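J.: The chain contents come next:
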Amino acid sequence: MNAPLLTLNSLRRTFGEFVALDDITLTLPRGRIGLLGPNGAGKSTLLKILLGLIAPTAGSGMLLDQPLGEDRVELRRLIGFMPEAEALVPGLTGVEYVSLAGELCGLPRRQAQRRAHEVLGYLQLEEARYRRVEEYSLGMKQRVKLAQALVHDPQVLLLDEPTSGLDPAGRDAMLRLVNELGTMHGKSIILSTHLLADVQAVCEHAVILAGGRVRGHGPVSELCKIRDDRYRLRIDGNVDGCRTALETRGVTFLPAGHTGDWRVSVPAAWNNCDFFKIAKNHESVIRSLVRDDETLEEYFLRSVNDE
Amino acid sequence: MNEVSDSLLRYRSWRGTLQSPVWGSWAMARLSVAQMARRKLFWGLYALALMIFFFFFYGQYLVVWIQLQTAQQTVLFGGVPVKVGELTKFLDRLNLNGSAQTFANFIWFQGYIVMIVLALAGAVLVGNDFQYGSLPYYLGKPIARRHYILGKFLGVGLFVNILTTLPALILFVQAGLLYDWEVYYVDHLRQLIGIFGYGLFLTTALSLLLVASAVLVRRTVPLIMLWSGVFVLCRTLANLLVDGARLDGAWRLIDLWNNLYLAGLWCLGADLGDMKREQPEVWQAIAVIASVCLLCLVYLRKRVQAVEVIS
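Which chain is which? The protein sequence lines are A and B, in order.
Note that the working numbering has the first sequence beginning at 12, numbered continuously upward.
Note that the working numbering has the second sequence beginning at 91, numbered continuously upward.
The following block holds chain B by itself, in its conformation from the complex (with noise of 0.2 Å):
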């Protein structure tokens, strides 16, 4: 009896003001990232992340210190008299001048690292809904199935962005600090602007790829399969069909991460000009994007309205 007392004590109704469905999708979109965050497996491939991101943020660093203090010296090297800055030529392929290029490159090398996490996560963070009939929780609750979509789109885009955009952020403030900044960030401004784009191409086609994927395959070994055709065998196939067949470039256009690395490069002001291979238009990289996106979004409206929330 007086534990029934006693628990009766702790309960207190709540009175307040309710804030608005949107604030409950944020809610979601954290819980995803800290989710995404508890998994050990996933810890390795942030640390590979890291990597890249320390090899272009001390890369840009050495090569603006090779180009400002020792360029002009002169080392031996096999017994032969080289400049530095002869041998630090290879390093200009890598584009780590704080260039459009830079950015382009370093979110390159980090999307096959968010691509490889996203497909190992999408079971976590989408799949197990359906999984698991976790969909009438959220789906009881006062929000709107769009909020319940909102929710998981943002989770997913904020984990892009944490690896993609973010640093490419600190990358493009660290250049400015190691050239002159005043009229580096002035002059840079279409790099800055781009970045974001980048990332907005990508937070948009990754999150509501992996979102309508996971809904449609929910495990993961069935998604990771999905993922690997999508973005390796389309890949493959393209280049294949391009590089190999000598077809137009613009069946370069199955190939999805291709599409997304030109419209970064059109966002960030990139020469298209100087790509070695047969590209597509960018134009018709963004709508085949733009097609993917619609698809995905018309696939998980009629997905998410089909739930029985009472079964």
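So that you can see chain A by itself, here it is in the shape it has in the complex (with noise of 0.2 Å):
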């Protein structure tokens, strides 16, 4: 049980010339895992390696007990697989959808049934069982994807993009039962997305990639620690003045939070007093002076730039 969910050793997979994988060492605890990084960052083809679909030209790989290769089914069955195609199959109702992907993944008919309706009932399309997948509407639909992955129980969820298209409501109400599969039903979830807050509400850690490498990693807690450079600032008074003279001392301003507060970047060797020193000589007064955590979509930025 203690055995981690994921292991790769020097894995490295190339197209031809191109490198798409290039000497990933890694190893990640069972959790809930984000796997984040720009297009062309080798995510998809991560994806198809833990899936079993094309194999490692060099290096290798466990998920779980079962070593990663091509046209691994039995590493498939592991894994729920929630692609962020549309992939339904016009015609099925929503139980034959899901019963349909029980019995692909070897459940027998019966069972595949059974387990059918109670997914469905979990993720709360009793009503709409019976309708047509075409007919769902989109959060619907990115819910009914998720039942199809989860109706043989597999240890890990592979979920790509599941909250692409979704209203913000939608995108809660997913992220919130991804969460609870994590937590309560002990479900591993690799979540693929560009959405850095949808991996900073659900994960623990977080995997950045880039350039086919691993630009870095580590519980998210840690990833979005509080740095000793960084401080949220709301000064009144000379506003424009103090500013100015801020930047003349090599303080960086970042992008503003929601709260309308300055977040700034200070200089090596910065001394605090130097702020209030500053808006004392602008006839300004310092309202608020708090450290400020580094945000995972800073630690990404930082981490895919600084190659």
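Some hints could be false.
Claimed, not checked - In the DSS-like style, the derived pairs of lysine-lysine whose C-alpha atoms are separated by at most 27 Å in a straight line are:
#1 A:LYS152 <-> B:LYS130
#2 A:LYS59 <-> B:LYS392
#3 B:LYS179 <-> B:LYS366
#4 A:LYS291 <-> A:LYS152
Treat the hints as calculated values from the structure; they're not laboratory data.
Treat the numbers as computed from the prediction; the structure is a model and nothing was measured.
With the hints as a guide, bring the two chains together.
T.: Printed below as a string of structure tokens:
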């Protein structure tokens, strides 16, 4: 049970001359993992390898107790995959769609049907289960896609952009469901997304990929750590004058948070008393000065741009 | 809060033994047939197929009844006394006598209905998987790509056999019961094997061709045009070349439906020398069918292999 969810040893995947994944060495514990990266980072290639659709060119890896490789049916039995594409079968009702997924995963027919009803009930699609899937709203389509991933009760859920195209309420509901599956039902979740807020809301760990390499990984709480060089600042008075003075002293202004406070990054050997001195010199008053944590987005951008 | 707690109660983990992926192919096939049965448009065609079956079913019965009961009786036809047996001679042309030709004719006629339905249903069964991106749903599951192709193949095959092989078998059983069944079933064992053989040829060729052409063109109208090209245009062209331009009978090989018919007649053990039109050799017809099937398989393998499960 304490075995890691995923172990990758010098994993490399090339397509001809193109290196999609390069020397990926990673050990991830069970839990909720966010997979982040810009387009072309290698996320899709890594997902394909995890799904056992393609083999690594070099290196090795294990997902739970299964080695990674090509055409690994046994590997896919451990995984419930929710694709980003619509992936619906027109003409089938919700319960048929999920039941077929169960049978494709190897469940006997009757058990697949029973599980389909259970899972659709759990995902609050009970009322709509006899409607054709193409008639579902976008939110329902995402949920039925999650249901088909969940039907065989996999140990690992691989979710590819699960909140794609959802309105804020639908997105919150989906993230809540994903969170519940991880926390209350012990599912390990690998969430591949462009939306950093989704990872921050759901995941315990994050892996940042860029250019086929791991740029950073670790617990989300640590990645979004409080930093000594970041502050949130609120000033009353000659605001413009203060800002100019601070910039002259090497203080960088970061995009403001939703509270309207300034977010600043100070240079090395900065003394916080300087904030007050500058404010005083410009007939201003500092109303608030607190240390600021780095958001996952900032960490992500820093990690990606560092190379 | 209550709602959340209540919904969580319904989720239960599942522990059991998972079956072989082949069962997944079977599930796909079953749902394919169910989808065919749901289309109201197709029920007119099924009714037509049923009428053809009833024509043969009651035709066989009528012929035997006439032969046994009234063949020697004389009736007045337009004031002229005629033997009933003479009046019903036109039925001989239909071979409603439980012979190899009976089953070959029956499957030939049913085949038209099957072709029309398949042309209409190809997009539903296969094309949609590519058109609407359903393929990642299948291929993200613990089945190999060959299981996906097998599932689609089985689905179409089941449908073809429900309309052709199964009713032909019923006609075979009926013929045995109309004649001396102990003698008939023994003497016509070749026909029984032939019905399965013809069914196998039809299933393999039509299923692979349908799956491949639906993957190629995806939508219903282009699919109908493609099938019309293969089964109507090529047939007309073959007739023009062989019957009109008096070219060699081998030119009829471009008519796939005729090739299937020849292969079926060979399976049923019918006398091919009786055929009025010039025909290619049976082995040539079978070679063409095999080549078409092989081409379809190679194309399907490439096409399904190229599908991106994760985009």
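J.: Failing hints, ascending?
T.: Number 4 only.
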